[in-house]
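Visitor: Sequence:
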Amino acid sequence: MAHDEISQGTLQAATPEAPVVPGQARDQLEIEGEGDRDPDENIIYPKGLKLWLSMTSVILSVVFVGLDLTIVAVAVPSLTNQFKTVQDIGWYSAAYMVILSSFTFLYAQLSTIFSIKRLFLLSIFVFQLGSLLCTIAPVSAVFILGRAIAGLGSCGLNIGGFVIIAHSFPRHKRPLWTGLASALNGTAMVLAPLIGGLLIDAFSWRACFGINLPLGVLTFVLTAYGFRDPAEEPYPDATFLEKLKKLDVLGTVFFVPGIVCLLLGLQWGGVKYGWNNPIIIVLFILFAVFVAVFSYIQYRKQEKATLPPRILKQRSVLAGAWFSACCNGILAVTEYYLAIYFQGVKGFSASKSGAMGLPLMVGFCVAELLASTFTTIIGYYYPFMLGTSVIAPVAAGLLTTLDLDESIVKVLCLLGMLGAAVGLGMQGPILAVQTVLPLKDIATGLAVTGFAGGLGSSFFISVSSTLFQNRLAEEVEKYAPGTNTTAFEHGGLANVRDYIGADRLRDVLLGYDKAVMQTLYLPVALAALTIVGSLAMERKSVKKKQS
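Residues 461 to 1007, numbered by my numbering, are exactly what the sequence shown covers, in order.
Quick caveat, the hints were computed from the structure, so don't treat them as lab data.
None of the values given here were measured: they were computed from a predicted structure.
Just so you know, not all the hints are guaranteed correct.
What the hints assert, rightly or not - So the derived label-pair ranges between C-beta atoms look like this: (1) Val749 - Lys706: 23 to 29 Å; (2) Arg770 - Leu704: 21 to 27 Å; (3) Leu673 - Thr836: 56 to 62 Å.
As the list claims (entries may be wrong) - Derived pair list, reagent style DSS-like, types lysine-lysine, alpha-carbon separation capped at 25 Å: (4) Lys1000 - Lys773; (5) Lys806 - Lys974; (6) Lys974 - Lys938; (7) Lys544 - Lys974; (8) Lys806 - Lys938.
Where a beta carbon is used, it is the ideal one built from N, C-alpha and C, also for glycine.
Taking the hints into account, I'd like the entire structure generated from these sequences.
Guide: Set out below in structure tokens:
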């Protein structure tokens, strides 16, 4: 999630005689009474019913975005059963994450130029459209399209919610509401697999995405009625086209297709096409060309670029981006393939599979909270990042030893250990950005680490999908020679017991288990690579004034 500093640059200071009132016109303020005054910004903030309605809309938005982000993992086996394919499973999350990541910077620019309220309402509408497509999707391609559209809406909701907070509270109160929103988002992510499993068992996988529709409608109504734009809109005399010219649209036009080409190459390479196939080669060449052009645009635009080069050159920002990409990749891949392990290898229901995954996110949230608390006390965040780099490889490595008859208690303990290990250092990149960058650059720095985390999830899920599909065929053939592995594509991963005979079932499940475990070698490698970010991080304290 983004942080409240994202929108600090959009607040308009006023003279003492005519204070700006974000969210309320002056006559409305006189009716409901003055809210808090920020002496540094000379702004009077709103209070009363409309304030609470707008905050309720923000809370609802972070909850259903959190649900949507992780609920897809527990739905994957059911999706393979519905669509009769395993080749697209990487895209069910990657399509969402790559769009979310790619448009984060563009939306941050939009929020400083256009109406905050209209952008937030538009984001809700786009997210709802994506959720609707996912709910009614007849084929895998439509579902993937819905995930991509939902990712675009989620991008606006992530940033827009914290922009609304910044326009509703003075600086000393923003951390409280930002923390509350982040905590509820994390709670929703933790509960999503369990809720998703219950919805799948009671209705179908479609309910996992249909649940967003009533929540979104309520959020739209509350925002429309409760939140008012700041009294002074940025660039009030500029036309729509003049405002668009202030955006780095050209950079985004080259950046997004470059990332799509990269992920398509990873998704198809070695599965649909050989790695030396001209299609795969062209995709990687296009990726290199698009990224090269994007980099040149950033260099030419400098301060007007989506990613100002001087921020990307900052050591702690780069270290934090690397660390965030690795950590998000660990969590995403582990969640995906543990759901497949529980439902396919162990034969658990979707709801039980969701419950089995809870220790991973519970451990993550608890460790993240403890690390943040102790960072406040000691002032340093990098020791906790080092803790992640030491403990996470051990926990991830132990997970790869799970077999067909493994004790559930052991599995849950290892998941909790891995979640806690990753959560221990996860706040480090965010705290580093807030510590080493000047206030005006914090939003961009946070966007860099957020983008890296989102790209890490989508990139490594695509890599793991390729790895799993290759290993599944080889391992099943090794343990159950002569088995028609194409049955996995047509029958689905969760229903393997329905179409494999009892005489071959255990041997097939052994191969299935080995394929999952070998796919989990990827999180082990990522956990080890976090040490690069930990050691490269500057030794700064949040308590000391930075030069």
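Visitor: I'd like to know which numbered hints this structure contradicts. Please list them from smallest to largest.
Guide: Hint 3 contradicted; others consistent.
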